[in-house]
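Participant: Top to bottom, those sequences are chains A and B.
At position 48 of the first sequence the residue is numbered 48 (the working numbering), and the sequence of numbers has no breaks.
At position 83 of the second sequence the residue is numbered 83 (the working numbering), and the sequence of numbers has no breaks.
Hints were generated in silico from the structure; no laboratory data involved.
Just to be clear, a hint being listed does not mean it is correct.
Pairs involving identical chains hold if they fit within one copy or between any two copies, as the list cannot separate such chains.
[Said to hold, decoys possible] Simulated pairs of lysine to any residue, SDA-like, Cα-Cα distance not exceeding 20 Å: (1) K116 x M42; (2) K49 x I16; (3) K71 x A162; (4) K79 x R120; (5) K71 x V97.
2 protein chains.
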Amino acid sequence: MAETAQQIADDLRARIDSGEFAPGDRLPGEPALVRQYGVAKMTANGALKILVAEGIAQARTGSGTYVREFKPIVRDAVKRLARSQWALGSSIWSADVEDRPRDVADLDVSEIEAPKWVARALGLNEGATVICRSRLYLVEGEPVQSAISYLSADLVRDTQIAQPDTGPGGTFKRLEEIGSAPERFEEDLRARMPSAEEAERLQVPAGTPVVEIYRTAFTGDGRPIEVNRMLLDAGSYVMRYRFES
Amino acid sequence: MAETAQQIADDLRARIDSGEFAPGDRLPGEPALVRQYGVAKMTANGALKILVAEGIAQARTGSGTYVREFKPIVRDAVKRLARSQWALGSSIWSADVEDRPRDVADLDVSEIEAPKWVARALGLNEGATVICRSRLYLVEGEPVQSAISYLSADLVRDTQIAQPDTGPGGTFKRLEEIGSAPERFEEDLRARMPSAEEAERLQVPAGTPVVEIYRTAFTGDGRPIEVNRMLLDAGSYVMRYRFES
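One chain only, chain A, in its complex shape:
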C-alpha cells in the first residue's frame, strides 16, 4: 500500500531523530522518495513540504531539502541583564553570543511622540516624547533580532542615550549615572508567525515563527524607565530564565 505524504514525513522525521540524517545533511529528493516509498511525485513533494513547514528542514532553491541546523543563541535573560554585565562596560548583546561574530545594523535614534502603549508602559502623559533607539542584531552576518527601545525624552535627551553610540555599558550604565539604574525587569513573550515585512527584515525561512518580547525595566523605587520591543527569529534562539521558588 502506498504511503501518504504524512506517513513519509513521519518516517523521515524519525530517521532525523535517530541521527541517520544529521543537521545540514541533504534529505532524499523527490525522485529518491518516489523510488523508495513507491509513491507519486506529488506525494514525495508533500512529505518534504511538511518537514519544511515544521521547521525541521529547509528548502534551498535548485539544490534540495536539508535538515535544518539549529545552533541556537542561548539568550540567558538573568545573566545578560545582570548589573555585573553592564556596570563594567560590556554590552548586553555581547552576553548572548560571546563566541560568534556579531554585529549591529540599521541603528536609528530619534525623538518621537510616544505611541500609546509606550506612554502607558512608561507612565508618561499622552503627547510626551520619547527617545527611540531602533536596531537590527546580526550573528555570522544573518539578522536574528530587531529591537526598539523607548525612554522618556525629558529624562535622557541630554545624555549619550540620545546619541548613536551610548558608550561603554550602554543605556543601562548611562541610566545609572543619572540616578535611574534599572534594578528590576519584566519580560512578556509571545510566539507567532511574522508578517511579510517582519519575515523580510529578519530573513526568516518559510515556516519559522518569531518571538515577540516586551521588556520593561524598573528603577529600585518602581519607576518604569525603559520599554523595549524585541522581535526574534525563533529558529535562532533558545530563551533561558532562572528564578527561585
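Knowing the structure of chain A, use the given hints to seat chain B on it.
Facilitator: Frame of chain A; chain B shown alone:
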C-alpha cells in the same frame, strides 16, 4: 490598478489594527473582496490565506474567515512557581487561569526507563527508571498545553507523586515533605511549528506555532529533582518572567 494579495492583506491588517474589525468579527469574504478591490477570486483568497498564516485570522470551514480572538493566558513563571503557591496546597496550574474554567485531561502516570535527555538532566545513570506524569491542560474546554514531568523513580516511587492524584500542593509539596523541596528553576523556551501529531493533540489552528518549555527544578543544594517538558499553544499564551539586575 488591481492590487496583489499581499497589498489586500496589508490593508485588511491595518483595518484590524485600527479597530474597524474587532477580535471575533467576520472578515469580508472572497466575493466582497473581489468587488471591493476589483481583483480575481484567487487573489482575494490569497489575501485571506496570508492573514491566516500570520495567525491574525482564523478560517472556519463553511463559515468564513474571522479576526482571531487573543485572550491570552498570562503564564507568570515566578508567581506560579513561588513556594507560597504550592506550599499552602494550591496547584501551579490554578495560578495561570484563576478566573476561567480549567481542566486536566489524559492524566497518565507510569514508571519507564529514563529517556537519555531526561537521565542527563536529572543526573541519573543510564537505564535508571523515572516516574513520568503526562497530562493535557484545558481552558474553557480547549486544550492549551501538554506537559510531561519526570522524577527519579527511586526517590518518589513510594510517594503520592507516583499516584494519579498527588494531593494538595501537588508534586512540589510532596517533594518538600521528603526533604527535596524545589528552590530554583531554570526554563528554556523555544518556539517552532508543531508536528501534525502535536497540532492535533493541542488542536492548534493552522499557522499557529507552539512554545516548547524545558523546565528543571533544583533543590537548595543544587540537585536536579524534576524535569518537565511542556508544549504550549502559542496563540493562547503570554509567558511572563520577572527578575532583578
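Participant: Output the indices of the hints that this structure fails to meet, ascending.
Facilitator: 1, 3 and 4
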